[in-house]
Amino acid sequence: MGRFLFWLAVGLMVFVFVFPVLWIYVTALKGPDDIFADNPFVFAPTLENFDYLINVRPSYWELINSMIMSVASTFFVMAVSLPAAYSFARFNTGNGHILFITISTRMFPGVVAAIPFFLLFRDLGLLDTHLGLSLLYVYFNMSFATFLLYGFFREIPESLEKAAMLDGYDRLSILRWIVFPLIKPGIAVTTMFCLIWSWNEFLFAFLFTRRIARTISVGQSTFWGSVEIQWGPMAALMCIAVLPTLLAAWIMQKHVIRGLTFGAVKG
Amino acid sequence: MAEQVKTRLFDDDRYMRWILIGPLLLFLVCFMLYPTLYSLYMSFTDYVMRGAPNFIGLDNYRAVLADDVFWAALGRTLYVLVLSISVELTLGMALALVLNRDFKGQGIVRGLCFIPLLVSPLSMSLMWNYILHIQFGVVNTVIGWAGFEPVGFLSTPGLALNTVAFITIWQWLPFSTFVLLAGLKGLPRDQYEAAQIDGASPWRIFFRLTLPMLKPLIIIIILLRTMWLMRLFDPLYGTTRGGLETELLDWMIYRVSFVFFDIGQGAAYALFALYITLIVGALMFKQLIKAMDGK
Chain B
1 MGRFLFWLAV
11 GLMVFVFVFP
21 VLWIYVTALK
31 GPDDIFADNP
41 FVFAPTLENF
51 DYLINVRPSY
61 WELINSMIMS
71 VASTFFVMAV
81 SLPAAYSFAR
91 FNTGNGHILF
101 ITISTRMFPG
111 VVAAIPFFLL
121 FRDLGLLDTH
131 LGLSLLYVYF
141 NMSFATFLLY
151 GFFREIPESL
161 EKAAMLDGYD
171 RLSILRWIVF
181 PLIKPGIAVT
191 TMFCLIWSWN
201 EFLFAFLFTR
211 RIARTISVGQ
221 STFWGSVEIQ
231 WGPMAALMCI
241 AVLPTLLAAW
251 IMQKHVIRGL
261 TFGAVKG
Chain C
1 MAEQVKTRLF
11 DDDRYMRWIL
21 IGPLLLFLVC
31 FMLYPTLYSL
41 YMSFTDYVMR
51 GAPNFIGLDN
61 YRAVLADDVF
71 WAALGRTLYV
81 LVLSISVELT
91 LGMALALVLN
101 RDFKGQGIVR
111 GLCFIPLLVS
121 PLSMSLMWNY
131 ILHIQFGVVN
141 TVIGWAGFEP
151 VGFLSTPGLA
161 LNTVAFITIW
171 QWLPFSTFVL
181 LAGLKGLPRD
191 QYEAAQIDGA
201 SPWRIFFRLT
211 LPMLKPLIII
221 IILLRTMWLM
231 RLFDPLYGTT
241 RGGLETELLD
251 WMIYRVSFVF
261 FDIGQGAAYA
271 LFALYITLIV
281 GALMFKQLIK
291 AMDGK
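Chains as they are written, first to last, in full-length UniProt numbering: chain B, 1 to 267; chain C, 1 to 295.
Next up, chain B with everything else stripped away, as it sits in the complex (with noise of 0.2 Å):
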């Protein structure tokens, strides 16, 4: 009886996470009638919507955007956050003043930063552009990904740096060869969800971007028009989109379980 209720719930769990994902994918693979029609269950698969994706309204430069976009942040939020993270773990630099102030970014609301940054990029002239999108992108994931390599970080015991110093190694070949090995999980922890919700993110990607640095996000709303939504064409869509991400998912699941403590749990 228990092992019945305990599957019927994994069961039941899967199956509403995972439906509305699965739905994508056979709505992509809809014709316009099958749409609309009584029974969602059953319809003739046909390609056409991909074909639209190609041919009528070419999509493709929106994923190279997105992947472009998405790299070049991620590097640069571990490039500042990883230092970062290291100092506040090991030193409480700031006495978790400074800490607070950077996860505190994430209570700007969204729509508020934009407006400054809109009427800075307008005058720089970065509206539109890649560097501009990456640059809110930096912005956009580094207090989390400060916060979650913060919690890798106070997870290395500090008597291993203490005894590698008494030993005459210097801070930086500490850092290299005891403090990186130990860090790895977390820099791919934090890689994937940077790349991840850089490329998933859409608020700043709408504001921001026109026709130039367009990105997949936004390219899945333009489906919304004005008279219609084209349902085809926009699931096809997002199941191109989904897919990186799926595959992260597959990559990551096991260190996902050990990374997201945030160190706050000290085993």
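Errors might be hidden in some of the hints.
[As the list claims (entries may be wrong)] The calculated DSS-like cross-link candidates involving lysine-lysine, where the alpha carbons are at most 25 Å apart (straight line), are:
1) B:K184 / C:K185
2) C:K185 / B:K254
3) C:K104 / C:K215
4) B:K184 / B:K254
These are computed hints drawn from the structure, not numbers from a lab. Quick caveat: nothing in here was measured; it's all calculated off a predicted structure.
Add chain C to chain B, keeping to what the hints say.
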């Protein structure tokens, strides 16, 4: 000589800590201090995207206090906040306890449960909009087969806001689940064995042992989710677009600033919202530091 300077800078903790944190501080000044001060300045003006901003004193703030639409949006935001966080914590705890067991295929199950967290919130809100549609949504088809009237999940005032909350809960429930699961995995075994030998009931163990040790993680979840929920935008864009009594704070600020271009008024709303979040956030952060260092 250069070697000496390098050694002194990098091996002296007093310098090292600030060298490491330097780039972050620079970024904070540009991307935190600048927009805050600029918004503060704008909130005292009547700037509408063209012409020069005129100083109008506290007029924008007076308008905020008198504006029913703003208070309604704030109330809804807090409603969604409390509803989402309480559901995510209780359900997340239950799911974490289920996933914490050893069973066949646990890797696959965990991987699948992780998916909502990774899919774009905009995509998912658009997809839920399609799935829950009153005419051709699959959920209403099944409801119809069961012999009930179709439900306008996203077309009924009152219900629509709960549906928006449901979409964001669906998306972020795995976050709470996996954070708590990571916490459960990290708990020390010996204390549990001692409690079991003492004959403590599972409920007692959970409330007396597990929950207190997970407290820092629960605070982290509340802190992060509060910040993210205060700026809920994508689920509204993909569904009701602020109609049907679902307008939340961020959507309202967006409407005022980028649809009506009333930058000054928008900045006043935004700063008001920011102050509320900052106070709540600071209080929780203090608790968090206490809980993390208290052991």
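Original post:
Regarding the pair C:K104 and C:K215, is the alpha-carbon distance no greater than 25 Å?
Top reply: Given that 25 Å is the threshold and the Cα spacing comes to 30 Å, the pair is violated.
Original post:
Is it true that the CA of B:K184 sits at most 25 Å from the CA of C:K185?
Top reply: holds, 20 Å
**OP:** Given the hint that B:K184 pairs with B:K254, test it: the Cα-Cα distance must not exceed 25 Å.
**Re:** holds, 14 Å
**OP:** Would you mind confirming whether the straight-line C-alpha gap from C:K185 to B:K254 stays at or under 25 Å?
**Re:** Since the Cα atoms of C:K185 and B:K254 sit roughly 12 Å apart, the hinted pair holds (cutoff 25 Å).
This entry does not satisfy hint 3, going by the numbered hints stated previously; all others are met.
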